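Asker: Now for the letters of each chain:
Number of protein chains: 2
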Amino acid sequence: MGSGLPRYECLALADALKWLDACPHAVGSEPVPLEQAFGRVLHAPLAFAADRPDRDLALADGYLVRAEDTLGASSYNPLRLALVPEGTVLRAGCACACHAGQTVPPGANAVLPPEAGEVAGGALDVCDVVARGAGIGRKGQGARCGDMAVPAGRRLGGPQIALAASMGLTDLSVWRRPAVAVVLAGAKPPATEALGAALAGLIARDGGKARQGAATVGALAAAAPADLVLLVGRSGRGGDDDAGDAVAAAGGRLDHHGVALAPGGSVGLGWLGSAPLLLLPGDPISALVSYEVLAGRLLRRLAGRAADWPYPVRRRALSRKIVSPVGLSEWVPVTCDGTEAAPLALAPADGVIGYARADGYLIVPAGLEGHSAEEIVDVVMLGEASSQERE
Amino acid sequence: MGSGLPRYECLALADALKWLDACPHAVGSEPVPLEQAFGRVLHAPLAFAADRPDRDLALADGYLVRAEDTLGASSYNPLRLALVPEGTVLRAGCACACHAGQTVPPGANAVLPPEAGEVAGGALDVCDVVARGAGIGRKGQGARCGDMAVPAGRRLGGPQIALAASMGLTDLSVWRRPAVAVVLAGAKPPATEALGAALAGLIARDGGKARQGAATVGALAAAAPADLVLLVGRSGRGGDDDAGDAVAAAGGRLDHHGVALAPGGSVGLGWLGSAPLLLLPGDPISALVSYEVLAGRLLRRLAGRAADWPYPVRRRALSRKIVSPVGLSEWVPVTCDGTEAAPLALAPADGVIGYARADGYLIVPAGLEGHSAEEIVDVVMLGEASSQERE
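In order, the protein sequences belong to chains A and B.
Count along the first sequence from 1, then add 53; that gives the number in my numbering.
Count along the second sequence from 1, then add 53; that gives the number in my numbering.
Isolated chain A (complex conformation):
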């Protein structure tokens, strides 16, 4: 590890994150039909527009009664009540067959279960006592009109969609998916296509919508309008590294070029019109790492989501020490076995081999010379492993 300090201005990673977190986020909302709302993020809080239930109702099939009329009833001492038709006021000494969901008429205050009554002619023989309120859902018992149903910012899943439908809603106001213009200027086919596909997948994971333009830095001007622009490749300081110039030529600007992050040191942070623009390195591992550490964080916030890692972070003990230069935030993939994390040696110039094999990763803070063996570190847990462990 420690394959070299970036040769650029060395903006500290913490300052790069501050820059990202200060970007305005105003992509706004859009309505979506309930059928398309799964996984979207609710924009404004959803409140109940009526009491739930909106009236007293029977919760089960049976007989609506006045509980006091059943006092003393048993199979040895059945009490006879007169059966009256549905929908009338229930007077003392009367009962009414009911089904779940039926409105409770005035006078009734309990539902007698079917097995506790026997119909004989036009009468009901009650064989058990029933408590006042039993089997009845009271108006407003579930929620009051005006109560919060779903808070703003909630990722919509099955229950929220089913709840909205039961409120009579047919669409919901959700955060618009940020449009992310991806300009791949670095790698050659087929690596370009694969990197584009990998980034599109990550962008979708983080709530955005990738739009991939022509694979040249010249395509940058056509990237607008977008909510976020990623210019990938040619971000270094070599002879053919013209990404910075392309930004200027397209009318944009870079606030910073170079972050003390490895891999990913040639990242740039700037603007194309009102859209934040990130320069990402073109080699696959640097592109993916700088997306994960920097671009994804901004995108998630633009999409109305939590900015933090989209994977669980777990405390793990290092199986081996990690040496890392002070001043550099070094990204290190690890494999995990139980509560232990083993740093993966990245093959020089071929780090994607190790990344593809990793169960997670950690970032060695810039202020440290590394971590000692057995030190407890925060590991971002990749993939499905995160959902399988119990601790």
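Hints listed in this document are in silico derivations from the structure and should not be mistaken for laboratory results.
Hints are not guaranteed to be accurate.
Repeated chains share a single entry, so a pair holds when one copy, or any two copies, can fit it.
To be verified - Lysine to any residue pairs mimicking SDA-like chemistry, simulated, CA-CA at most 25 angstroms apart:
id : residue 1 : residue 2
1  : Lys192    : Ala398
2  : Lys262    : Pro278
3  : Lys262    : Asp224
4  : Lys192    : Lys262
5  : Lys262    : Gln89
Predicted model, so just to flag it, every value in this text is computed and none were measured.
Following the hints, complete the assembly by docking chain B onto the known chain A.
Answerer: Same frame as chain A, now just chain B:
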């Protein structure tokens, strides 16, 4: 809680899970282009078909040298080497300008950084010592031909896709997405559409592809061929609960009808042709809970994923006791605050209100009468909260 034991055969939840886990899973594989592989599950292990790198190569721009020729060199004592053209055997006393990625010719064994050499005429003045092997990636150093690149069953993310591209692959063999036929026979519009949308979202989350047929039990016969059939609604024992009959009429069968799970007691487990068929209750909360507890587990396995909950499971202390009848596995939504979980009271017949508000849920095991306050329980953490906490 404890809204009543199901009125059906009471298959224990553990036995229902055993039934699900015993279903054969042979949906097989399909090739997908790399561009569409993000999030899919690799079907067969991917091995390197060549050494990585496949030859010795320069890792950086500079000068290829024999390290022994630089011994003793310093800025006070520069050593002069003859510059020779690229591609020739490097003899003693010679050097050759190189760029990153260039093949190392026989004889050369190190890359001298550009700043450690100065070109003067056709010669190079070497101002620093370089160690043998410095700046050179050895053939097979990253991986050997035949080494595992990505194991079978791995969910494909950015690094795996980038790695496959760098191996020259243009597509990958992944688990086919199981086709899930959803027949909504219970609720009325718009609740039907919403429940269909909610289930389609969950099915996509679990790696399947929902195909929704006409919303009647009669549509069941048309549901085949599918890898999994969900018949939702009319699963109970009331007069219009004809789902069981519809299964028989369509040529299917139920192995079990009724699981000791609440909500979700009227679940059925069976077959339609060679496809597993699940009867789910029609009311939204029972449908969603029985999907989460039962159907989702089977689907994830059919899709080549881990069968376990697709959310992290965390240990939490209950803030209040939960009473639950012995013999019933009771699903209880909770809100979480720090390390504490508070059970949500489900509004009778309107449990979806509580579910929509929940941060997670737990299942009270059938053998317990509930949990006492402050007891530590396993909570399945829903939504994004799972990815934000550190512990």
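Asker: All the hints need checking, so say for each whether the structure fits it.
Answerer: Okay, the hints, checked on the actual structure:
1. Lys192 <-> Ala398: This pair counts as between: shortest inter-copy Cα distance 16 angstroms, intra-copy 64 angstroms.
2. Lys262 <-> Pro278: Intra 13 angstroms, inter 33 angstroms, cutoff 25 angstroms: intra-copy only.
3. Lys262 <-> Asp224: both (21 angstroms within a copy, 23 angstroms between copies)
4. Lys192 <-> Lys262: Answer is neither: 44 angstroms inside a copy and 40 angstroms across each miss the 25 angstroms cutoff.
5. Lys262 <-> Gln89: both (15 angstroms within a copy, 15 angstroms between copies)
Hint compliance for this structure: hint 4 is the single one not met.
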